[in-house]
Amino acid sequence: MRKEMIAMLLAGGQGSRLGVLTSNVAKPAVSFGGKYRIIDFPLSNCINSGVDTVGVLTQYRPLRLNTHIGIGIPWDLDRNFGGVTILPPYESTTDTDWYTGTANAIFQNIEYMEQYDPEYVLILSGDHIYKMDYEVMLDYHKANRADLTIAVMPVPRSEASRFGIVVTDDSRRVTFFQEKPKEPAGNLASMGIYIFSWKVLKNALITLKNQSNCDFGMHVLPYLLNAGKRLFAYEFNGYWKDVGTLGSYWEANMELIDLVPEFNLYEEYWKIFTQADVLPPCYLAESSTEERCIIGEGAEIYGTVRHSVIGPGVRIERGAVVDGSIVMRGSCIGENAYVEHSILAENVVVGKDTKIGVGEEAENSFNPKVYAFGLATIGENSVIPAGVTIGKNTAVIGKTVADDYPNGALASGGVIFRENADAAEEVDA
Amino acid sequence: MRAVGIILAGGNSSRMKELTTKRAIAAEPIAGSYRSIDFALSNMSNSKVQRVAVLTQYNSRSLNEHMSSSKWWDFGRKQGGLFVFPPVLTQDNSWWYRGTADSIYQNIGWLKESHEPYVVIASGDGVYKLDYNKVLEYHIAKRADITIVCTKCREEDASRFGVIQLGEDGRITDFAEKPMISKADLISAGVYVVRRRLLIELIEKCAEENRWDFVNDILVRYKDLKKLYGYVMDSYWSNISTIESYYKTNMDFLDPDIRDFFFRQEPFIHTKVDDNPPSKYNPGSRVKNSLIAAGCIINGEVENSVLFRKVFVGTNCHIRNSIILNDVYIGDNTTIENCIVESRDTIRAGSYFRGEDGIRVVVEKNERYPI
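Residue numbers (my numbering), protein chains in the order written: chain A, 2 to 430; chain B, 26 to 396.
These are calculated hints, taken from the structure and not from any lab test. Fair warning: there could be bad hints in the mix.
Unchecked claim - Covered stretches of chain A, going by a simulated chain B footprint (3 or more residues, C-beta under 8 Å):
#: 1; region: 31-40
#: 2; region: 263-277
#: 3; region: 289-295
For each residue, glycine too, the CB sits at the ideal point set by N, CA and C.
Here chain B stands alone, though its shape is the one from the complex (with noise of 0.2 Å):
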């Protein structure tokens, strides 16, 4: 593909409450296997993208581990591959990134020695499936100067994104950044397609103003300035910054078409595979419309969950409208319901969780008894 890729995966969710503690958002689990990183990293793949930059700043460890090693996404290349690029304290720089648009203003030098000339920027938050060489088409087609991929989404979300207009021809008429009020039904999906001299130009400009966003510095100020394109995506777009479109997401999974549309249709999702055996199910396992990853061992019930790697359900458990976050151990006669489970938790036996309104953050940090 003749653009460079960057994903923007510094950012941080206090929506996200307790599940940001320990990781950033584009690490965080999704769909039992996956991390959420992975799908835009997979699109970055699948498209054939030679070069990609992977921002981070906010508690990035997870992440880092996660990407430890670039061949599963198949950019272990000696000719371009991954770069992933926290900030870093220079002669003349001594800030964090300051915001978006300031992150990638730090690594300029990597825009500045690619060759290709577009760049395809997407952020690490995103759960979807799109093939970046049809918005580059697109955003040739219609000698735009930035694409904006746009999807479909509900009045009430709206206020969560930034909310497009498109006239006729697709071009974007008017762009207002999480507005309180929006009739409008189409959203930035977070993902651009921009020359990579002109992105070079529009960020240094930026940064000289002391300006360090690209959406509000950029997109918003020159929407009328500049052509401004929005490339409609009509297939399934989820984003997951607060514990309501985090928990939806992931129960999203549960449903036959859309598994059938991230699993079943190529291009397949890739993420670093680890080595657990096959779940296994023992006597009293009575599992009903559940996915089950890799490493589990279930004795007791779980309906209308997701289980990532690792879990072990004990015996006469209830698990019920629940996700429950890797290597987590489950004690006998526990009953967990509308609850997130963070990762690596040792729940004791007899235990009783509930979400009453809503989703509840379950962390217990006990100490684990040999299993």
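For reference, chain A alone in the conformation it holds in the complex (with noise of 0.2 Å):
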């Protein structure tokens, strides 16, 4: 038996500009929406594309992304041939490597691919908000004899040069490709979406297998086009958005409470599926007040709730605020918190008449390009005491006790790593 198109997925990033949210998940596992995660808008996009055959390639503490995906019962994934398979990067006898980049990780694991026998291979990073049919985009590629097509999307000449930078021909057939450059040559940035025909990638990864740290923008679309090959780019114009950094995540979630979003979940056609707990609705007392907001699945709201995505099991208690923020999955408010313009990890306890995200702007002392945007971040599992004062540029990770607070107050900039200290630190180094 063959499949037509397998896809792998690239989720073993760390996502190091996210801070403290990924101090403990890998990027790709990172909550959005309020039910969500960031990997099931590829994995949906998979299932609704017709590609059965998922090969979700892990690296960076995978837990909660082996957890989440499990046997892929919620993206229909659970397939007796084919389906969702995990790849962790694995010894053997000769050589024993990490996955060192996209490509290499690829590489890695050819034998996994030739089960299949595939005619394309599907490349996806775990790592943006979207909706897209990948069949769509192998028609394209088909009707263009194409050995590889890139998916393109136009940016601002401002941001470009964040991106891999595509410059093509009237007949859409890419003639040049840099990778972040310092000055880029137009305007079409790549979106990590590639479809390779099977016996091209494999030549590829194999002429570049002792490449270091082999990477598809790096080395293998450079390598193809000198090769002469048939490189097309797909231009695609529906809502993409890069949640690579806090600013961008907040932004991305916020987009959400519009009155007609411009990514509209409520739709039935191109369903986004997860993996999620049998949850009671949500319950709103009395005493509670929401305004444009989501709010998951068996949370309990007492306080009042505005401009914020609320995630399933939250509760907020009595006179609780909670403004412009983002709470995930099992965090607690306490009665008369106030919370603006933050972003609370999963299980964040917050104790009462503390105040987070208030305060006069400053640059963040630790690292001011990841903990910027005046967000306070607060990672998962941390606790806060009662009655303290957390200001804007901040970031918290740990179980933190009053006397972390000099004065009862976090001031803006400033950041507390308690307990998984070691590990927010690697995230930021």
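From these two lone chains plus the hints, build me the complex, please.
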């Protein structure tokens, strides 16, 4: 038996720019939109596009990801032949390698792909929010008799240097490719979604096997271009959001609460699936008020929620106010606490009368590139004691006590890393 | 667990009015995200019963849809698992299930093929949480023939149930099915534990005599001949065979203690999960003391109500003391009070529904305009 196209989903990355959110979990496993995890979007796209064989490559902190994916039941990817398979790095008799780059990770799993004798291989990454029909892209690939099709979308010139930039001729054939260029030659950015003809991919991976940190953008694409292969750009104009920074992650969540959001989860067509616990409906008490927000199942709201995305099983006590924030599953906001413009990861406990995300902005002392955007970010399983105040551009992870807060406050720009401090520092190193 | 499970889910109740026109009682939606059979199925699964038969008959389509896969209750097994038995035509049988005992009799082969020494029989219309292992332990300790799970109930409800009087040692001294007047405050919860061989014997004897009802023809008739014991359950129990009890059971979940008992204390109740996004509250929404299930979009006011999955509430709506079943679209400027709105209904903008004395069941099959 064979599969026409199989997908390889790169989910091993750490996502260090998400700071304490990825201290304990890989970025694809980070919660999103009050119910989902980021990896649900490419996985759901796969099954909705008729791709029923997906290899998920994991490396950094894979436990949450493994638990989430299981045998693929939520996505109907529990199949007798194909389905979802988790592919961690492995030991072999001659050499043992971590996945050293995106292409290297795929190279190490040639055997997995060969089982299905595919004609095409779809390469995906687990860190974008979008809905896309890969079957349409495959049709385009076939129509062009392409060796490689790269999904691209136009981006503002100012942001172009963050992406791989593709230059094409009139027929959309790629003539030039630059990875994260200082001076971009165009504005078509690669979305990190590739369809390869399997033979071309396999040859390229084997040819480049000794390339250190072998990466698609840095090595495979330039190699194929030089070899005169047929590379085409497939322009995508739908919603696509890179949630690589705390700012863009927060923004993408907030876009969901618009009256008719550009990225609409409520459409019947192209559903997004996820591993959901069986939870009761959310309960909104007499004392609660809610204004423009999304609230997950099993949440119990006694306080006020405004302009926020609240995850499943969250409890917001009487008198507490959550404004412009993301509160992930299982967290608990104590009585009369005030949370503004913050991201609270899973199972955070906020004591009563605590204030988070208040005061004047100040640059973060630890890592100003990560902890910016005026956000207060609290890592998972953290405890914030009662009555303290936490400023803007701050990060906290671990079970903190009142003594950690001189004068009862963490000033804007400060950080506190407790218990998991080692893990947090690794993230920022 | 050393028992197989049988869930009696074939029943209908005329006192559920319009709500049973499209589903069996066992498939009635409960507490926003569940169906009543989830409670019996979850109890079976949580008590580690390995083989469970669900006997269906009346209007079983939506029940079958709900049980389209047994994996939600962890019954997706190679060994044992979930068996769904509607009545079937065979060479020597062309009857529907003529009663509860008959439904077991028509599937006696399954019972004979089982190896477990005991059987737990439960009904599909009870809302409760119970570890059947405790009942079985009690059953064995008392050397009982049949153990009936009992629960306290209000006097006026007694005429709807089997009324039980217990002796000091827990032995049942009297059992009356749906008596007009009753002083006793214990009723049967519709859950029984019995030795498998004894059950087979009783059911076969019953069938020979053309008797088909488990309660009247076995429990009541044998109450003095066999050792019947009562196991008293003191946690929440409710049965949903009337509109009033159905309404009350759903509204009970607005009580934080009851939610805590069912949803925050292990073991949990399982149900078929579907893929609805979290509920969304747009400008104009004002929700007080209500349960809102996933997939709802709220633009108006909701008070003291239970909204099931995928309900859309338009702007300037007022929903009070009502139960809105799944996938209902409520147009703008609508008022709904003291009502149960049937699932998949479309309520036109500007409508007014109010239950004047008692609960009104609203069934509106208007064409849906695109949302």
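Taking the hints in turn, this is what the structure says about them:
For the region 31-40 of chain A, the proposed coverage by chain B is satisfied: 3 residues have a C-beta within less than 8 Å of a C-beta in that chain, meeting the threshold of three. Look at the region 263-277 of chain A against chain B: 7 of its residues bring a Cβ nearer than 8 Å to a Cβ of that chain, three or more, so the hint holds. A stretch counts as covered by a chain when three or more of its residues have a beta carbon under 8 Å from one of that chain; for the region 289-295 of chain A and chain B the count is 7, and the coverage holds.
When each numbered hint is compared with the structure, no violation occurs for any of them.
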